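We have chain A; now place chain B onto it with these hints.
There are 2 protein chains.
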Amino acid sequence: MSSPSELTRESGAKAFDGHQYVYNHESSTVGCKMKFGVYVPAKAEKERVPLLIFLSGLTCTEQNFITKSGVQRLASEYGFIVANPDTSPRGCKIEGDSDNWAFGEGAGYYVDATESKWSKNYRMFSYVNDEFYGLLIKNFNVDPNRIGIFGHSMGGHGALVSFFKRPAQYKSVSAFAPICNMSTSEWGVDAYKKFFGQDENLWKQYDATELVASYHGPKPHAPILIDQGSDDNFLAKYLLPKRLINACEKASFPIYFREQAGYDHSYYFIMTFLEDHFKYHKKEFENSK
Amino acid sequence: MSSPSELTRESGAKAFDGHQYVYNHESSTVGCKMKFGVYVPAKAEKERVPLLIFLSGLTCTEQNFITKSGVQRLASEYGFIVANPDTSPRGCKIEGDSDNWAFGEGAGYYVDATESKWSKNYRMFSYVNDEFYGLLIKNFNVDPNRIGIFGHSMGGHGALVSFFKRPAQYKSVSAFAPICNMSTSEWGVDAYKKFFGQDENLWKQYDATELVASYHGPKPHAPILIDQGSDDNFLAKYLLPKRLINACEKASFPIYFREQAGYDHSYYFIMTFLEDHFKYHKKEFENSK
Chain A
1 MSSPSELTRE SGAKAFDGHQ YVYNHESSTV GCKMKFGVYV PAKAEKERVP
51 LLIFLSGLTC TEQNFITKSG VQRLASEYGF IVANPDTSPR GCKIEGDSDN
101 WAFGEGAGYY VDATESKWSK NYRMFSYVND EFYGLLIKNF NVDPNRIGIF
151 GHSMGGHGAL VSFFKRPAQY KSVSAFAPIC NMSTSEWGVD AYKKFFGQDE
201 NLWKQYDATE LVASYHGPKP HAPILIDQGS DDNFLAKYLL PKRLINACEK
251 ASFPIYFREQ AGYDHSYYFI MTFLEDHFKY HKKEFENSK
Chain B
1 MSSPSELTRE SGAKAFDGHQ YVYNHESSTV GCKMKFGVYV PAKAEKERVP
51 LLIFLSGLTC TEQNFITKSG VQRLASEYGF IVANPDTSPR GCKIEGDSDN
101 WAFGEGAGYY VDATESKWSK NYRMFSYVND EFYGLLIKNF NVDPNRIGIF
151 GHSMGGHGAL VSFFKRPAQY KSVSAFAPIC NMSTSEWGVD AYKKFFGQDE
201 NLWKQYDATE LVASYHGPKP HAPILIDQGS DDNFLAKYLL PKRLINACEK
251 ASFPIYFREQ AGYDHSYYFI MTFLEDHFKY HKKEFENSK
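Here the protein sequences come in this chain order: A and B.
Using full-length UniProt numbering, read the first sequence as starting at 1 and increasing by one per residue.
Using full-length UniProt numbering, read the second sequence as starting at 1 and increasing by one per residue.
This is chain A alone, in the form it adopts within the complex:
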């Protein structure tokens, strides 16, 4: 495949009969060059196929998921394009964007900041759900009626928020060890203070647990799938899944939360349960035809 015109291919390698690419492009949304990974299965040479967007967690670039998860085998077998953006703008040189691994570069939280210091570049919500979403449909053989989103940790939250705020765009959502209640999680409080200032009502606009309570979009056919390792060091203090589970129950929003005994927060956990997430998304795509 030749490189789409607005995209610059940084690397490509054949894997499971398809190709794992890394591209970059100049993003008008976040005002810098952005990289992303995209696996294109052989099947996409002949027909439009489903798309899964994967959002990574804190500290990740576009490399972690494509290097460590084993996703290529599944994307090939299921015939899905799988695309994963970087986790933040980079190289914008905003004071304080690199002091802390949990904020700024590698930690964009998939929100559109409102504070002037950050609001020009830290617009990852719009980047993912408008610009990135659009360029994938435009440049790859994606069936726009079969698009799902999932992610890990900060990216699991980003996936849930994307789904709740843009139900028309996604048929399905799932998550690995998501930060579930960002506006009360220590990471989220620190980041949202900077991105949004002191008005906590703004924080709640990017909080999965808050958003499900007011969600009025179509409900997924099957409960949304969330896997959480029981030995995850971040579970008690940062991830707070019970709050999301309770909010879903209260809102009669179907959620299938699985606590996986003995698993931690790493890609070893993700790789183990990744196929179950493919099965879940596939089923939603079939039910949505």
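Careful, some of the hints might be misleading.
What the hints assert, rightly or not - Using 25 Å as the maximum straight-line C-alpha spacing, the simulated DSS-like pairs for lysine-lysine come out as follows:
1) Lys35/B to Lys68/A
2) Lys204/A to Lys117/A
3) Lys35/A to Lys68/B
4) Lys43/A to Lys283/A
5) Lys193/B to Lys120/B
6) Lys283/B to Lys46/B
7) Lys68/B to Lys43/A
8) Lys204/B to Lys120/B
9) Lys193/A to Lys242/A
10) Lys242/B to Lys193/B
11) Lys68/A to Lys279/B
12) Lys35/B to Lys93/B
13) Lys279/A to Lys68/B
14) Lys279/B to Lys46/B
15) Lys68/B to Lys68/A
16) Lys46/A to Lys283/A
17) Lys68/A to Lys43/B
18) Lys219/A to Lys242/A
19) Lys93/A to Lys120/A
20) Lys93/A to Lys117/A
21) Lys282/A to Lys138/A
These aren't lab readings, by the way, just hints derived from the structure by calculation.
As the structure is a prediction and not an experimental result, all values here were calculated from the model.
Showing chain B alone in chain A's frame:
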């Protein structure tokens, strides 16, 4: 599982119902602390299981294979322990051991050096085939009658040499993009001059193409499996598979060499064909009962 006494556990993560560990130990063979990865499937808690030793290529540590290949899924499914050592001694501070990514640290070539400068520490052949081999049998639930070895690039060569020199220890051998004729490959010539001096007869003692010609051990039941990507940048100048294929033919030693169209030298290539190697080793283990 508690940590075996001579080993120090650096990390452990549950994956596919088993565990991916990294251990270190003080190696008497190479005179420094050595790390290795070992995946222990759940099955090994109940019974002795086969062992595959994987040798990595130039620049690798014990991390590359366990992070990038997706081996845990297969090791779990097939019920194999899979162990992978580091690719060289480290921290020995020998002048010239870190000047070149293709020699010294991260590039031990799985040989026992004879030149005095290197011969104290650069004894990776004995390390892998005596000390490491022995500690795996002693400390993990390995069936010593079902042990195979495989590897990638420099490690593919190391696996072939280990098999040809120690046929009693291994039931099976396979390789991904091995350096096939080390004593004439540019990398090998540079390294072997340093490790062995100018006597090319010493070089040939660690050369798979030379060794198969004089091999008198038992022949494997099925041809040994070698996969090679056609788009591998190192193929023409460094890997030289035709010389090994010709030598095997001449020696009536069975080899199944597969050129995989479009694949490169990366872990994306390895992950794609890894299951075929598991199938090959499993079959040899079954035939060896």
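- Message: Under the constraints set out in the numbered hints, which ones does this structure not fulfil?
- Response: Of the numbered hints given earlier, the structure breaks none, since each of them holds.
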